[in-house]
Amino acid sequence: MDIIYNLMLVAFMGLLAIIAGMFEDLESDVASTSNPNSQVQLAPQVGNLHKLFNRAVSGEPLLVGTMATISGAICYVLLTLDYPVILVLLISAGMATIVQVIFSISSYMGRITSQALYNQPLFLDVLHKHLPIIAAHAFITLFSITTLSYIMVYLLNPAVALTLPVVTMLMGLTLGSIGSAVGDIHYGAEKLYQSSEFGSGIAVSSNGNITTKSALGSRSSIDVVNFCSKFGGPITGLCFGIIIFLNFWIFLVFGITGGLIVGLMIVLLFLLLNIILERKARLTYGKYEN
Amino acid sequence: MLLELLISLIIGATLIGIGVHFIPVGGAPAALSTSAGIPTGAPMITVGMGITGILAASSVIGQSDLIMVLYGAVGSMIMISVTMFFSNIIHVFGVGVPLASSNFEKDPLTGFNQEGYVSPGTTGHGIPTISFVSGLIGAFLGGVGGSLAFSSIYIVLSNNLQYSLVVNVTIATIFSLLLFFIVAVMASYNIGGTIQGFYDEKFRKKILPGTVSCFLISVILSIIYVFVIWGLIYG
Amino acid sequence: MADDLIPNQIITLVTIIGGLLCIYGTNISILGGILAIVASILAAVLGTNTLRHVGKYSLGTGVPSIVYMLTAVALVSYLTGIVVSLYLNQTWIFPLISLIIAAIISLTVSEICKHIFNIQIEILSKSFISIAVASLLLMMSMSTLVAKSYEPSLIIDNVINNGMIIFIMIASVMVIQNPYNACMGPNEDQYRTLSLSVANGFLMLVILSAISLLTTEYWIYYMIISVIGWFIFFRKYVLYTKHQAASIRRYGLWPIDDGDD
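The listed protein sequences derive, respectively, from chains D, P and X.
For the first sequence, the working numbering begins at 1 and goes up steadily by one.
For the second sequence, the working numbering begins at 1 and goes up steadily by one.
For the third sequence, the working numbering begins at 1 and goes up steadily by one.
Some hints could be false.
Claimed, not checked - Restricting the straight-line Cα-Cα distance to at most 30 angstroms, the calculated cross-link-like pairs of lysine-lysine (DSSO-like) are:
(1) K236/X with K202/P
(2) K129/D with K213/D
(3) K114/X with K206/P
(4) K56/X with K126/X
(5) K242/X with K206/P
(6) K280/D with K205/P
(7) K56/X with K236/X
(8) K242/X with K213/D
(9) K280/D with K106/P
(10) K129/D with K126/X
(11) K106/P with K202/P
(12) K106/P with K287/D
(13) K114/X with K205/P
(14) K56/X with K205/P
(15) K236/X with K206/P
(16) K287/D with K202/P
(17) K129/D with K242/X
(18) K126/X with K205/P
(19) K114/X with K126/X
(20) K202/P with K242/X
Unchecked claim - Just a sample of chain X residues kept apart from chain P, beta carbon distances all over 12 angstroms, derived:
(21) D4
(22) I10
(23) I34
(24) H53
(25) K56
(26) Y78
(27) Y87
(28) L96
(29) M184
(30) T215
What the hints assert, rightly or not - Looking from chain D toward chain X, a few residues come up when the C-beta cut is under 8 angstroms (computed):
(31) L62
(32) R111
(33) I112
(34) Q115
(35) N119
(36) Q120
(37) F123
(38) L127
(39) L131
(40) A159
Hints were generated in silico from the structure; no laboratory data involved.
For every residue, glycine included, the Cβ atom is placed at its ideal position computed from N, Cα and C.
Work out the full structure: start from the sequences and follow the hints.
Next comes the structure, spelled out in structure tokens:
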């Protein structure tokens, strides 16, 4: 009975991780957080003024890690005071979301103002339009991470022997590094440079030449999140979900030594898949022409 | 006992530092398909990978040292392989570029020629097979190092302190996390931007000073750690 | 970057002396928490102001990495300080000895950077030391707010064993690195960056005082003080932004030519 209970919990954790990963990546797209933001940052310097959101709170891992830790710490305190669990999870995620929104406001204002030399105006409507969407995505992410960590610490049997703030920080940092390693490519290499040709990397010479106009008027980061939610976001979520699921699943099902062997086999399987992917891409796309 | 702890901490921290050099990192340009590698900074992907390893090691707590260390390594390897694979999926299907790097001419494992597949004006995109393998080696080293530090601290604490299991594991996790923070950043200062794994020319230039510096900083940190743990036990 | 209106030396001096004095005063019942708040704000200002100078140079990876490495160094020395003072049975030695150890370790790190990695930055050692010291003071004053005292045994029980130290660490990384990272650019200005730094410090102190409700009965006062402080300095930051931005628009497109309409 115990193993079925645990397996169901692990499957549920995988689901939560998928949601967290997906919305984390989309949040970083709508608020333009991570590495691709260097291009949004560069654009006014090469003469491309824009109406995209431009936020550099910190790297993505640190941002998500901090917010998740805030949420986890508040959650820990409220759980110690014996409040009902669902309420605690909602309150802690909500408070962390407020902090994240405040950081977003100050970072948008700061970066744009520091570019006054290039005549980049500070658009208040960009701020008003994007903040609710940032808040919504951030809330879903933080709620999922906090719930995931809550399951790990209090429900799993045997539980992860760590306190809640530590687990939320670990989860947040991991999720942030995955989100910046996977999903941001779709935003940086494709959506920001949509006016350049599909199927090639961005040459150094065209850095900063981002697409600033959309079908009607200026492009906003909400268009970006609309585009990225079709591929980049879900793939990031799947990646994080698979990692969380596999890490707990292998030793629950196959025992201690069996888990090690299966883990190694999974790693080799991904290596094989990667070779197949590389081969397929080369055959389909062929050499770079012209 | 404390001498064993010292030695395993030094070995663990140095392995973390060496492992960072193996991970193919592209930094911000890789997020634009301008350069090959994992599109994030070296310290953060290492911290993320190390954390997964520590979490995997802490989920088999109570087993022997070897099992914990191996679990840490496998956890890190799973994390890095899944991340690199999905990163490649976005490159291939989302951006529409084949995986190639101009830092070497031919991939020794698959025999694929790199030239001609790299779009002009860039130094590659995605993570080709040899860099993938290098990333796995890096994750193995980093995972072994992190979970070695974690498990040795945990075992010393649990044998000598009256704290509960949760407190011991929490302290051990915080200590090994700090090792990752310091050593990974030092190693990435040495790398200075992008690197494409052990088959890259840059790797040969960077690995020696990297190892020396990581060893130096690990000796200092390990002595302090042992002192702190000794103080926690006998203080 | 505009010229500094407040020199770094004065900030360093005031922070180290004032911060240490405030930390030594945290044993007083209700005033202690307020002193801890003052110390953390001073430390945040020192950290950000130093980062403004060293952040201009490229070290190979992002600006935040400097801060989280040095905060990790500071946390290691913080733990060492606790152990030393427990061993010697002298509580007063803890803040001072941690400060010295943090300076020593960060000096070693910067020497390794200089001689093995050949990073040629003149102010590297000085900046590393003062960022490590600033984050140490920030973490220490935040922990004293929660533990109500700088006594090591209380800190171990209330802050370290339940893992709250990890929140304090990552919050101090955020407070120190965020203002400079958020305001980086050619028109960065000291007053604006530092007002954001103080605002961020108060924001994290709001969360921290919510956490300290487990240990202290005065948490609500600390929270009110932090909220008021955050409001004042965030308003100041917005005012500076309004003065210094190229133009502020409520709607419409960017200017097409160089016209400053």
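Hints, verified against the model:
1. Under the criterion of a C-alpha separation no larger than 30 angstroms, the hint pairing K236/X with K202/P is inconsistent with the structure, at around 48 angstroms.
2. This hinted pair checks out: K129/D and K213/D have alpha carbons roughly 17 angstroms apart, not beyond 30 angstroms.
3. Distance restraint check for K114/X and K206/P: the Cα-Cα separation of roughly 15 angstroms lies within the 30 angstroms cut-off, and the hinted pair is therefore satisfied.
4. Proximity of K56/X to K126/X is assessed by CA-CA distance (about 15 angstroms); at most 30 angstroms being required, the pair is judged to hold.
5. Using a Cα cut-off of 30 angstroms, the hinted pair K242/X and K206/P is violated, with the two alpha carbons roughly 47 angstroms apart.
6. Taking the CA atoms of K280/D and K205/P, the gap is about 34 angstroms. The hint is violated against a cut of 30 angstroms.
7. Taking the CA atoms of K56/X and K236/X, the gap is near 25 angstroms; set against the 30 angstroms cutoff, the hint holds.
8. For the hint linking K242/X to K213/D, the alpha-carbon distance of about 26 angstroms falls within 30 angstroms, and the restraint holds.
9. At most 30 angstroms may separate the alpha-carbon atoms for a hinted pair to count; K280/D and K106/P meet this at roughly 17 angstroms.
10. For a cut-off of 30 angstroms, the pair hint linking K129/D to K126/X is broken: about 43 angstroms separates their Cα positions.
11. Distance hint between K106/P and K202/P is fulfilled; the C-alpha atoms sit about 16 angstroms from each other, no more than 30 angstroms.
12. Straight-line distance between C-alpha atoms of K106/P and K287/D comes to about 15 angstroms, which keeps the hinted pair within the 30 angstroms bound.
13. Restraint check: the Cα-Cα separation between K114/X and K205/P comes to about 17 angstroms, which is no more than 30 angstroms; the hinted pair holds.
14. A threshold of 30 angstroms between alpha carbons decides the hint, and for K56/X with K205/P the separation of about 26 angstroms falls inside it, so the pair holds.
15. With a C-alpha separation of about 47 angstroms, the suggested pair K236/X and K206/P falls outside the 30 angstroms cut-off, and the hint is violated.
16. Only pairs whose Cα atoms come within 30 angstroms are accepted, and K287/D paired with K202/P is accepted, the gap being roughly 26 angstroms.
17. The hinted pair formed by K129/D and K242/X meets the criterion: a straight-line CA distance of about 19 angstroms does not exceed 30 angstroms.
18. For the hint linking K126/X to K205/P, the alpha-carbon distance of about 29 angstroms falls within 30 angstroms, and the restraint holds.
19. The straight-line distance between the Cα atoms of K114/X and K126/X is roughly 12 angstroms, inside the 30 angstroms bound, and the hint therefore holds.
20. Pair hint K202/P plus K242/X does not hold up; C-alpha atoms about 47 angstroms apart against a cutoff of 30 angstroms.
21. Remark: the non-interface label on D4/X is consistent with the geometry, its nearest Cβ contact in chain P lying 26 angstroms away (cut-off 12 angstroms).
22. With a least beta-carbon separation of about 30 angstroms from chain P, I10/X lies farther than 12 angstroms from that chain, consistent with its non-interface assignment.
23. With a closest Cβ-Cβ approach of about 29 angstroms to chain P, I34/X is found to remain outside the 12 angstroms limit, as its non-interface label requires.
24. No Cβ of chain P approaches the Cβ of H53/X within 12 angstroms, the least distance being about 18 angstroms, so the stated non-interface status holds.
25. For K56/X, the requirement that its beta carbon stay farther than 12 angstroms from each beta carbon of chain P is met, with the minimum near 16 angstroms.
26. At roughly 10 angstroms, the least C-beta separation between Y78/X and chain P is not larger than 12 angstroms, which violates its mark as non-interface.
27. Once the 12 angstroms rule is applied to beta carbons, Y87/X is inconsistent with being away from chain P; the minimum gap is 4 angstroms.
28. Residue placement check: L96/X keeps its beta carbon more than 12 angstroms from all beta carbons of chain P (closest about 17 angstroms).
29. With a closest Cβ-Cβ approach of about 14 angstroms to chain P, M184/X is found to remain outside the 12 angstroms limit, as its non-interface label requires.
30. The Cβ of T215/X sits about 17 angstroms from the closest Cβ of chain P, beyond the 12 angstroms cut-off, so the non-interface label holds.
31. Among the interface hints, the one on L62/D holds; its C-beta lies about 5 angstroms from the nearest C-beta in chain X, closer than the 8 angstroms criterion.
32. Among the interface hints, the one on R111/D holds; its C-beta lies about 6 angstroms from the nearest C-beta in chain X, closer than the 8 angstroms criterion.
33. Because the beta carbon of I112/D sits about 7 angstroms from the nearest beta carbon in chain X, less than 8 angstroms, this interface hint is met.
34. Proximity of Q115/D to chain X holds as hinted, the smallest CB-CB distance being about 5 angstroms (cut-off 8 angstroms).
35. For N119/D, the interface hint holds, since its Cβ comes within 8 angstroms of a Cβ in chain X; the closest pair sits about 5 angstroms apart.
36. Annotation: Q120/D was flagged as interfacial toward chain X, and the flag holds, the nearest CB pair being 6 angstroms apart, inside 8 angstroms.
37. Because the closest C-beta pair between F123/D and chain X is about 5 angstroms apart, less than 8 angstroms, the hint holds.
38. Taking 8 angstroms as the C-beta cut-off, the interface hint given for L127/D is violated, the closest approach to chain X being about 10 angstroms.
39. The restraint placing L131/D at the interface with chain X is violated, with a minimum CB-CB distance near 15 angstroms, outside the 8 angstroms limit.
40. Proximity of A159/D to chain X is violated relative to the hint, the smallest CB-CB distance being about 14 angstroms (cut-off 8 angstroms).
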